[in-house]
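From just these sequences and the hints, can you work out the full model?
Residue numbers (my numbering), protein chains in the order written: chain A, 1 to 504; chain B, 1 to 504; chain C, 1 to 167; chain D, 1 to 167.
The hints are simulated quantities; they were obtained by calculation from the structure and are not laboratory data.
Just so you know, these numbers come straight off a predicted model, no measurement behind them.
No residue lacks a Cβ here, since even glycine has one placed at the ideal position from N, Cα and C.
Warning: the hint list may mix true and false statements.
Over the 12 Å line for every Cβ pair with chain B, so calculated as not near, a few chain C residues [as the list claims (entries may be wrong)]:
no.	residue
1	L46
2	V120
3	D143
4	G144
5	Q161
With a straight-line cut-off of 30 Å between C-alpha atoms, the simulated DSBU-like cross-links for lysine-lysine are [what the hints assert, rightly or not]:
no.	chain 1	residue 1	chain 2	residue 2
6	A	K327	B	K285
7	A	K457	B	K71
8	A	K74	B	K457
9	A	K332	B	K327
10	B	K327	B	K264
11	A	K285	A	K267
12	B	K72	A	K457
13	C	K111	C	K145
14	B	K72	A	K72
15	A	K151	A	K72
16	B	K332	B	K264
17	D	K11	B	K457
18	B	K327	A	K4
19	A	K332	B	K332
20	B	K74	A	K457
21	B	K167	B	K264
22	B	K327	B	K267
23	B	K74	B	K147
24	B	K4	A	K457
25	C	K11	A	K457
26	B	K283	B	K267
27	B	K327	B	K285
28	A	K151	A	K167
29	B	K147	B	K72
30	B	K457	A	K71
Chain A regions said to be covered by chain C (calculated; three or more residues, Cβ under 8 Å) [stated by the list, open to error]:
no.	region
31	214-224
32	265-275
33	421-429
34	460-466
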Amino acid sequence: MFDKVLIANRGEIAVRIIRACRELGIRTVAVFSEADRSALHIRLADEAYLIGPAPSRDSYLRMDKIIDVAKKCKARAIHPGYGFLAERRDFAQACEDEGITFIGPRASAIAAMGDKAIARATVVAAGIPIVPGTEDVGNLSDEALLKAAPKIGFPLLIKATAGGGGKGMREVRSLDEMANLISAARSEAQSAFGDGNVYLEKLVEGARHIEFQIMADMDGNTVHLGERECSLQRRHQKLLEEAPSPFIDDDEDFRQRMGAVAVKAAKAVNYLNAGTIEFLVDKDKNFYFLEMNTRLQVEHPITEEVTGFDIVTEQLRVARGRQLSFKQEQVKMQGWAIECRINAEDPYNNFLPSTGLISHLSSPKGPGVRVDTGVYAGFQISPYYDSMISKLIVRGESRAQAILRMRRALEEYRIVGVKTNIPFHQSIVEQARFLAGNYDTRFVEERFSLEHAEEGKQTFPEIAAIAATLVAHQQAERSAHIIARGKRDTSNWKWVSRWERMHR
Amino acid sequence: MFDKVLIANRGEIAVRIIRACRELGIRTVAVFSEADRSALHIRLADEAYLIGPAPSRDSYLRMDKIIDVAKKCKARAIHPGYGFLAERRDFAQACEDEGITFIGPRASAIAAMGDKAIARATVVAAGIPIVPGTEDVGNLSDEALLKAAPKIGFPLLIKATAGGGGKGMREVRSLDEMANLISAARSEAQSAFGDGNVYLEKLVEGARHIEFQIMADMDGNTVHLGERECSLQRRHQKLLEEAPSPFIDDDEDFRQRMGAVAVKAAKAVNYLNAGTIEFLVDKDKNFYFLEMNTRLQVEHPITEEVTGFDIVTEQLRVARGRQLSFKQEQVKMQGWAIECRINAEDPYNNFLPSTGLISHLSSPKGPGVRVDTGVYAGFQISPYYDSMISKLIVRGESRAQAILRMRRALEEYRIVGVKTNIPFHQSIVEQARFLAGNYDTRFVEERFSLEHAEEGKQTFPEIAAIAATLVAHQQAERSAHIIARGKRDTSNWKWVSRWERMHR
Amino acid sequence: MAKYIATIGEKVYAVEIIDAHHVNVNGHIYEVDFQSISGQPVFSLLVDGGSYQAHVYPGEEGGLQVLMRGSLYAASVVDEREKRLSAAGSAGAVQTGEFVLRAPMPGLVVKVPVNEGDAVKKGSVLAILESMKMQNELNSPRDGKVTRIQVKAGDSVEQRQTLLSVE
Amino acid sequence: MAKYIATIGEKVYAVEIIDAHHVNVNGHIYEVDFQSISGQPVFSLLVDGGSYQAHVYPGEEGGLQVLMRGSLYAASVVDEREKRLSAAGSAGAVQTGEFVLRAPMPGLVVKVPVNEGDAVKKGSVLAILESMKMQNELNSPRDGKVTRIQVKAGDSVEQRQTLLSVE
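This is the structure we're talking about:
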């Protein structure tokens with residue numbers, strides 16, 4: 001049984017896994033790229049090794065180097081986190097071949113579910129409803145895709161067979177725009193997962209995205225931990241998730257029916273460890289299998305907060321060959337949890353990614369608030385990786401309390417140095433449709449505009465005018481001051497360096 | 001019904017109360033002394049007013065000024081927090097006279113329980129066992145105390161009638177040292193509570209300090225939320241608390257018997273809102289009423305974490321005249337919670353208080369971790385107030401998980417600029433006696449030494465030698481550098497100011 | 001005693017800094033207390049007791065961005081003392097092509113000291129606009145030739161109204 | 001190439017900084033990576049892959065305090081290049097009364113350039129001690145008169161062994 005785990009990832013999820021190991025007395029090994037020497041996961045791990053240059057393909061996607069490190073430092077297990085190598089069957093296989101425990105499903109399950117085309121065939125065989133799309137296996141040529149498209153009908157989605165999280169995904173409204181979109185999707189998939197294969201799927205409009213958390217042990221005990229509502233997306237990127245789903249809410253029968261199907265899908269591939277079954281659900285509560293994410297999910301914490309189970313701890317437990325610590329009937333969702341993904345991007349400028357040094361960071365704290373992050377004051381946000389820098393999770397006795405708590409937590413969150421989407425979330429949690437829990441996967445793109453949202457809000461232009469004027473005044477005074485006193489005066493140093501920070 | 005609350009306090013508890021109000025849509029008014037302009041409670045409140053100079057007696061203890069502010073800004077309720085005016089019956093009365101809701105018990109209950117001597121008489125009348133001591137009411141002269149002492153017998157405790165939290169408390173082993181200790185206790189009580197009255201109590205040795213959380217509404221519904229183990233103290237100052245108590249653990253019958261007595265004691269003074277009944281418990285599970293804290297307790301969060309109820313929210317609810325949101329039978333303690341009080345003091349130098357600017361602060365985060373604090377990076381710790389700067393609270397499914405989680409959280413906690421007792425806590429949570437839950441109120445003073453504790457630990461002197469040498473080397477290089485480059489070179493500024501910080 | 005004109009979107013405020021703790025906004029005097037948090041561009045601002053936290057940083061096209069209570073306010077502040085639009089002013093923005101001078105605030109055109117066809121240098125005064133009892137020189141952001149003057153002394157203009165162009 | 005002697009409690013380490021990524025500790029070469037966190041006296045230190053976070057700050061009586069994994073290490077670092085004990089050295093501590101010169105590290109007495117009764121000034125060399133191939137001058141912290149010399153050239157001494165006194 002392993003007592004040292006290598007975490008083949010970075011950022012908040014690497015930190016999350018290190019914490020779980022710490023709490024089990026398992027030693028941790030971090031790997032890092034040249035861009036991440038100062039990253040939090042390096043500081044918190046027991047050991048840390050450089051594996052290559054900043055670009056993922058030269059570091060976090062280098063299976064060979066990562067496995068070499070594991071062998072060198074005698075880490076008998078590897079946790080892949082999400083993204084990077086998490087859904088690469090060849091990586092899971094390579095670990096197995098080296099006698100290293102891959103903390104996740106068997107390579108065969110990744111192969112079956114990781115390749116979305118095979119996955120669809122598999123679950124169809126198990127009698128599970130799916131969204132119409134390309135039935136045949138991966139490796140489809142552009143020609144094959146263009147030929148299949150009209151049969152499926154437009155609008156449709158191009159999706160990465162290896163992928164998830166909206167990467168390598170494109171929406172197609174007509175055949176003539178399709179060729180370009182395919183190549184765009186392929187190259188995005190290639191860089192994200194090292195695999196450019198894509199497939200097609202009919203676009204179910206006005207649908208909700210609801211997923212079920214699965215845990216399975218080596219004895220085949222397979223349970224679900226209830227659902228997560230992930231419909232609040234922008235360009236297929238999840239932004240805010242909640243558990244339970246306000247759409248399912250207290251329809252326990254509906255929940256258990258979907259949960260049973262999710263468990264059935266997992267069992268269809270003899271699933272092991274943590275995974276997620278994603279469903280599309282239409283207004284009439286028809287649901288279709290969308291895909292299975294054969295890994296830990298970004299939004300797993302909201303399930304932890306409402307079920308009380310620690311999913312990562314459970315992953316390690318199961319990987320060590322022990323049984324799940326709970327049975328299906330022990331799983332109850334209590335209270336309500338919401339997660340906001342805090343991204344370094346400018347919500348006022350088309351969500352352009354924002355990079356730079358975080359000069360000041362003050363996280364929300366207090367009751368019912370959890371922050372999972374890999375950044376800190378003084379950390380440089382580089383352009384090489386995902387823009388998600390933090391997950392703000394709140395739990396409350398009710399959905400209403402959770403929303404009120406999220407509002408105060410968002411207002412407390414201060415990040416200086418990079419732009420973030422916090423104001424976007426602050427507007428979302430004020431929206432009537434969100435409060436009513438009445439939103440689908442198109443809500444953000446079709447029904448929400450930050451500008452309009454702000455019109456509704458109570459604003460304080462006069463206060464803003466005073467603040468701006470006082471800052472401008474201060475600047476004027478200071479620049480005068482600089483000229484007056486000159487650089488020799490050491491007493492200038494402190495505020496000058498402060499001033500430099502202010503203008504980063 | 002009030003919709004704006006003035007918080008007559010500072011620091012983490014003011015922040016805690018502001019957050020609860022936020023989550024209920026209640027507007028908040030902060031008051032502050034000249035030392036606290038930049039304090040977090042000022043930044044988070046909707047309104048903030050200066051009430052006087054730094055010393056408490058000129059600001060946070062000035063009832064008149066605070067009530068003036070409440071009237072001026074039309075705050076129809078005042079939350080006193082803990083300490084300062086929280087247990088001053090005249091303040092509760094003054095609020096009542098002004099038609100301001102005092103968020104706490106009625107003045108009569110504060111009078112009865114706030115004056116420890118009367119309290120003892122009251123609960124004795126209700127048939128509740130107490131620790132032997134001065135039976136007569138407050139206002140005891142030094143002579144009276146010296147006369148009463150021999151009858152009670154030594155060792156005994158001098159305790160402030162108005163007080164709590166070990167302030168104005170002195171332990172007396174013989175009559176001849178008593179006179180000095182009385183005056184010391186009186187002056188400490190005077191400065192802490194504005195009331196120099198003290199009384200005497202027999203010292204029960206080898207005892208545990210276990211307290212029960214009480215909540216009562218205006219209809220007289222009075223329930224307890226289970227116990228907190230507070231035996232881990234140093235000089236009568238609580239340092240670490242846990243819920244449940246490892247001494248009671250799963251003896252549910254014992255818990256309910258003590259809880260019933262606690263409720264009885266509260267009812268004896270027609271109690272309203274949140275309060276805490278403190279008991280001394282000996283090895284044979286005999287328990288004695290010690291005192292009632294007629295206010296919100298510092299360590300209330302651990303009860304929140306195991307019961308799932310938000311005590312401050314409940315306080316506001318009850319103060320608004322509504323019934324408690326739960327009944328006694330709905331109160332269950334699930335899992336385990338531990339709180340470490342993080343104080344700005346030097347554990348390696350006799351716990352001397354440490355003041356200064358917090359130049360860097362990185363709080364523990366992730367699952368099961370809660371931090372309640374009033375400080376942040378850039379905040380100046382002043383010598384005027386309590387040295388507690390933060391409360392680190394963890395919850396786990398079991399005591400073992402909670403302890404492991406506390407260990408990793410303590411290791412994650414980085415505070416630069418002031419010395420803290422974090423290393424002390426790190427040693428405590430490694431102690432065999434602590435792990436066994438086998439400690440009494442004297443454990444820290446009599447059985448624990450930080451130096452010895454560290455001998456036991458795994459240490460890394462060679463790594464420390466490398467770190468120290470590299471820092472010394474860097475300093476040498478840099479000072480050479482400064483001389484070499486001179487002050488005109490602006491590129492020096494950044495690291496020079498950094499350097500200044502290093503030497504704070 | 002410093003006087004400024006602050007523009008938030010369409011709203012214009014004459015802000016006079018009376019002393020460290022008092023400002024006059026459009027004739028109304030407020031008691032203010034303004035503190036930087038941790039030496040960062042995050043400020044704690046008390047206005048007549050109201051407590052606000054504002055993150056104030058330079059905008060992409062000049063001016064200042066004020067992020068406060070989940071809303072972003074684009075501000076431009078004009079300094080009266082130096083009788084010019086600060087770099088933050090809207091006039092500073094355009095750098096190439098035809099420069100269209102627009103009124104940064106509603107006001108009265110006091111003088112247009114140039115004629116169509118005049119060659120002007122960067123910084124030359126193109127117009128003087130009186131607003132809230134302050135006269136503000138509007139300068140040319142670059143060298144060029146004046147074209148299409150659309151106002152004359154005595155005209156009152158709305159905010160953003162075109163005054164003239166420089167090619 | 002800088003050489004130091006670092007003392008942690010009773011333990012003594014000869015630390016040689018070979019280059020930015022290698023140190024030699026008592027003859028064993030380690031690969032190290034040392035980074036300040038956020039420009040603070042908190043450091044991330046990688047030693048042959050082992051990851052440590054250390055908070056390093058000046059001690060009350062000179063020297064450096066290293067707070068790491070919940071333990072505090074009192075360190076004193078002697079710089080070999082400058083041929084003197086740093087203020088951190090144990091010799092620097094005592095300021096008044098009789099000053100007893102003790103060996104800051106185990107080693108060989110190379111020379112005792114003073115005799116009993118000699119008047120010495122602050123900074124005068126009292127003894128030269130060779131340790132781990134480095135010669136270290138031990139200086140007088142103040143003016144005074146040498147008394148009770150207890151060692152001679154060629155003696156090998158233990159750490160903290162008394163060498164001589166200055167009154």
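Hint check:
| no. | hint | verdict |
| --- | --- | --- |
| 1 | L46 | violated (6 Å) |
| 2 | V120 | holds (36 Å) |
| 3 | D143 | holds (32 Å) |
| 4 | G144 | holds (36 Å) |
| 5 | Q161 | holds (39 Å) |
| 6 | A:K327 to B:K285 | violated (37 Å) |
| 7 | A:K457 to B:K71 | holds (29 Å) |
| 8 | A:K74 to B:K457 | holds (24 Å) |
| 9 | A:K332 to B:K327 | holds (22 Å) |
| 10 | B:K327 to B:K264 | holds (16 Å) |
| 11 | A:K285 to A:K267 | holds (23 Å) |
| 12 | B:K72 to A:K457 | holds (27 Å) |
| 13 | C:K111 to C:K145 | holds (18 Å) |
| 14 | B:K72 to A:K72 | violated (70 Å) |
| 15 | A:K151 to A:K72 | violated (52 Å) |
| 16 | B:K332 to B:K264 | holds (20 Å) |
| 17 | D:K11 to B:K457 | holds (17 Å) |
| 18 | B:K327 to A:K4 | violated (47 Å) |
| 19 | A:K332 to B:K332 | holds (16 Å) |
| 20 | B:K74 to A:K457 | holds (24 Å) |
| 21 | B:K167 to B:K264 | holds (27 Å) |
| 22 | B:K327 to B:K267 | holds (16 Å) |
| 23 | B:K74 to B:K147 | violated (50 Å) |
| 24 | B:K4 to A:K457 | holds (21 Å) |
| 25 | C:K11 to A:K457 | holds (17 Å) |
| 26 | B:K283 to B:K267 | holds (28 Å) |
| 27 | B:K327 to B:K285 | holds (27 Å) |
| 28 | A:K151 to A:K167 | holds (25 Å) |
| 29 | B:K147 to B:K72 | violated (50 Å) |
| 30 | B:K457 to A:K71 | holds (29 Å) |
| 31 | 214-224 | violated (count 0) |
| 32 | 265-275 | violated (count 0) |
| 33 | 421-429 | holds (count 4) |
| 34 | 460-466 | holds (count 7) |
The structure fails to meet hints 1, 6, 14, 15, 18, 23, 29, 31, 32 from the earlier list, while all remaining hints are met.
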